[in-house]
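Enquirer: Spelled out, the chains give:
There are 2 protein chains.
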Amino acid sequence: MKDFNELEKMLDEKRFRLLHDELAEENSADIAALLETVPIEKAVLLFRMLPKDLAAKAFADLFSEVQQSLVERLSDKEIFNVIEELFLDDAVDFIEEMPASIAKKVLAYATPETREQINHLLKYPESSAGSIMTVEYVNLKRRMTVAQAFDRIRETGLDKETVYICYVTDSERRLKGVVSVKTLLLSQPEQVINDIMETNLIITRTDADQEEIARLFEKYDLLSIPVIDSEDRLVGIITVDDIVDVVQEEATEDFQIMAAMTPSDKPYLKTGVARLATNRIVWLFVLMVAAMVTGGILEKFEKAIRAMPILTVFIPMLMDTGGNSGSQSSTLIIRGMALSEITPRDFFKVVWKEMRVGLMVGVILSSINFLRVWLTYTSNPEYGAEVMKIAGTVSATLLFTVVVANLVGGVLPIIAKKCKIDPAVMAAPLITTIVDALSLIVYFSLAAILLGI
Amino acid sequence: MKDFNELEKMLDEKRFRLLHDELAEENSADIAALLETVPIEKAVLLFRMLPKDLAAKAFADLFSEVQQSLVERLSDKEIFNVIEELFLDDAVDFIEEMPASIAKKVLAYATPETREQINHLLKYPESSAGSIMTVEYVNLKRRMTVAQAFDRIRETGLDKETVYICYVTDSERRLKGVVSVKTLLLSQPEQVINDIMETNLIITRTDADQEEIARLFEKYDLLSIPVIDSEDRLVGIITVDDIVDVVQEEATEDFQIMAAMTPSDKPYLKTGVARLATNRIVWLFVLMVAAMVTGGILEKFEKAIRAMPILTVFIPMLMDTGGNSGSQSSTLIIRGMALSEITPRDFFKVVWKEMRVGLMVGVILSSINFLRVWLTYTSNPEYGAEVMKIAGTVSATLLFTVVVANLVGGVLPIIAKKCKIDPAVMAAPLITTIVDALSLIVYFSLAAILLGI
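Same order as they appear, the protein sequences are chains L and W. With my numbering applied, the first sequence covers 15 to 467. With my numbering applied, the second sequence covers 15 to 467.
Among the hints, erroneous ones may be present.
If chains are identical, the list can't say which one is meant, so a pair holds when it fits in one copy or spans any two.
[Said to hold, decoys possible] Calculated cross-link-like contacts (lysine to aspartate or glutamate; reagent style EDC-like; alpha-carbon spacing at most 16 Å):
{"hint": "1", "residue 1": "155", "residue 2": "209"}
{"hint": "2", "residue 1": "118", "residue 2": "130"}
{"hint": "3", "residue 1": "174", "residue 2": "235"}
{"hint": "4", "residue 1": "233", "residue 2": "50"}
None of these hints come from the bench; they were simulated from the model.
Given the sequences, and given the hints that come with them, work out the whole structure.
Expert: In structure tokens:
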């Protein structure tokens, strides 16, 4: 694409004809990036210079703040063009993000038919198949010939999200089969759709979760999937380009939840400080309170600490290693469940595996640790004969901590899933807090037994 | 799909004809799942019953262990069929995962042409465009008419990964344009490709990283992308179904690295205990040693701890809150960079934002904390007039810890990226360790000043 500055310069110099031709050559995603870069007044001018379909495509790619600023500056006729040219799923995304007053205004400009379709799609819950599907697909009938199918694609295909997979329905709009353009191309013109269509269908329902649907696209390498309602009627399709976005969104959401944040799909640099702080503080507060409880455990062992302050030296190591072990296990299990590689039925397999991994890792780390403590303090006259016992206490606690962290990290996400809680909540921060408490109790109890304090 | 048990039963009862017909109706992904479920001897029998192209597709979907067991049991002729029917990118994936002896044996059965193509693709580095592309695309010439283009698609399209985007090259195989089947369908039969092809191309190069390419698919909603070599010749294409897998793989890798593990794309349940332990222990060990250093700081303050053991009560809370804050910031920045929403050029924006978020969150949390400490200990005669000072020390340290954690969490991933280190390495565990050390030093220094110990 031409340099943004160069295009802006053309605008400033009023070389509209040339600019118009340049813009018409560009990709909608690049144009959206350009509109987001220049001041809004210039963005409006540039937007007006775009061919209708390109304008709509670029509009769909804009951040919702920019969409709003733009709509506020467009004429009634221009808003009409945008809303009518947008693919329905993009129109729904746009309307959903607008303040109610703007949404109402925009919908008022649309044709009654478009308005009804948008309103219908707006009713589906967020992240459901219904909310991400579009109703613009190519519809064929069973009795058509291949030649007639091609005619139909030529007549109606221009405005469809995809023409490559066509959907065959009966008179009640029930889905009977799908046929790809590849199959059509490789068939004879006089063949009948009914004889060549695929009837072993991968379908989804309007209330299916988008994450589930993404799994189907991955498994079956789909280009699009038909969405049917409770009466088995075809109501829309979802195309693969939206699925790539779904996969990224779901991963981003999991990253944020696993780092103890309220998830948000707004880009970091576009999010205000107050919002970022709000997304973070809830969990920080909850976990802070939990950590105070853990700290309270230490209060109970005040006498031991006073008698042997060296014990506190190992607390950061025990806490961090426990936290890290738990985070490793929980991450693997949470991600495995997100990818449907692990299901709640694998509970005991996970327990058995994590126990062995924990023992293996724990024995190695605590052996190293035993040697290290012994070597560091053996020549220190302050501890004398107690060094072995101190090393033993620390190492035994470490072994316990690692095994427990692995088990808790492996098990809690599965239990959460069973209880219909998002497993991602059971990630490092929460598990760290639990493991910390257990680890400290064991540490000072062992110290009490071995060191008699 | 039919129940797996039912199909297995048909096999046991030797109802081969019926089984053959059932299988031929199924999806390759479901057949792969079936082959992975039944004992390998039965899998071989079932595999032999599949039509050639379905067999190849199902084979591509199998885990590499199952692929290996199967290949070891197939005849020379059957191996030949599999390797010739596989799409080249799938064949390369398969060969890459096999032990050298099997890879050599399989390649020996392929035709010289296939062998050469596979060997050529095997040379590209892992995760590069070259390693995930396929060379099976529809190739058109500029002078062809639309009618001739359709003839060519009909002749050559059956074995291509996609027919929906066709690539127009000159006599030196340099890419001149692309034309979609949609455009072909909407054009007149006598129109010339040169006049209707798209020349404003989104392309990639053989050495481009797969993550970068996934970004292009997302931004431009592509179905496929052409891959060119250093001399601008078209050498292959990458299709969107592979990109969905790439996006998941990259996210999984980041999840694992961010949880301080050596990344592995093998499913958890298929990974042995020893391998899981190995993937985890390296970072656990490094971070354990780092936490020992942090613990060493406490040794310096032994006197203070002996004088006032209550100070240790707040250590878990300070460490956990610091770790959680740092993890929140680093997660947002690492993910933002993975999605190209944040680049190293945004360094100062991130610093400025994290500082303000840190101050906002820190002030709120430490105020709550001040009140809580004061309320808990104010009636305790042991501390008397010192309570205010203790509360002050803890709260000031908490504020410092949160701000520093946010800054370190925001900044380190960007610096890593600048230094060409994977930013995901700079996630929670590493940042926790750094913040812990700073936090403890400030805590006891403040205690020394305010409490005079």
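Enquirer: Which of the stated hints cannot be reconciled with the structure, identified by number in ascending sequence?
Expert: Hints that this structure does not satisfy do not exist here, as all of them hold.
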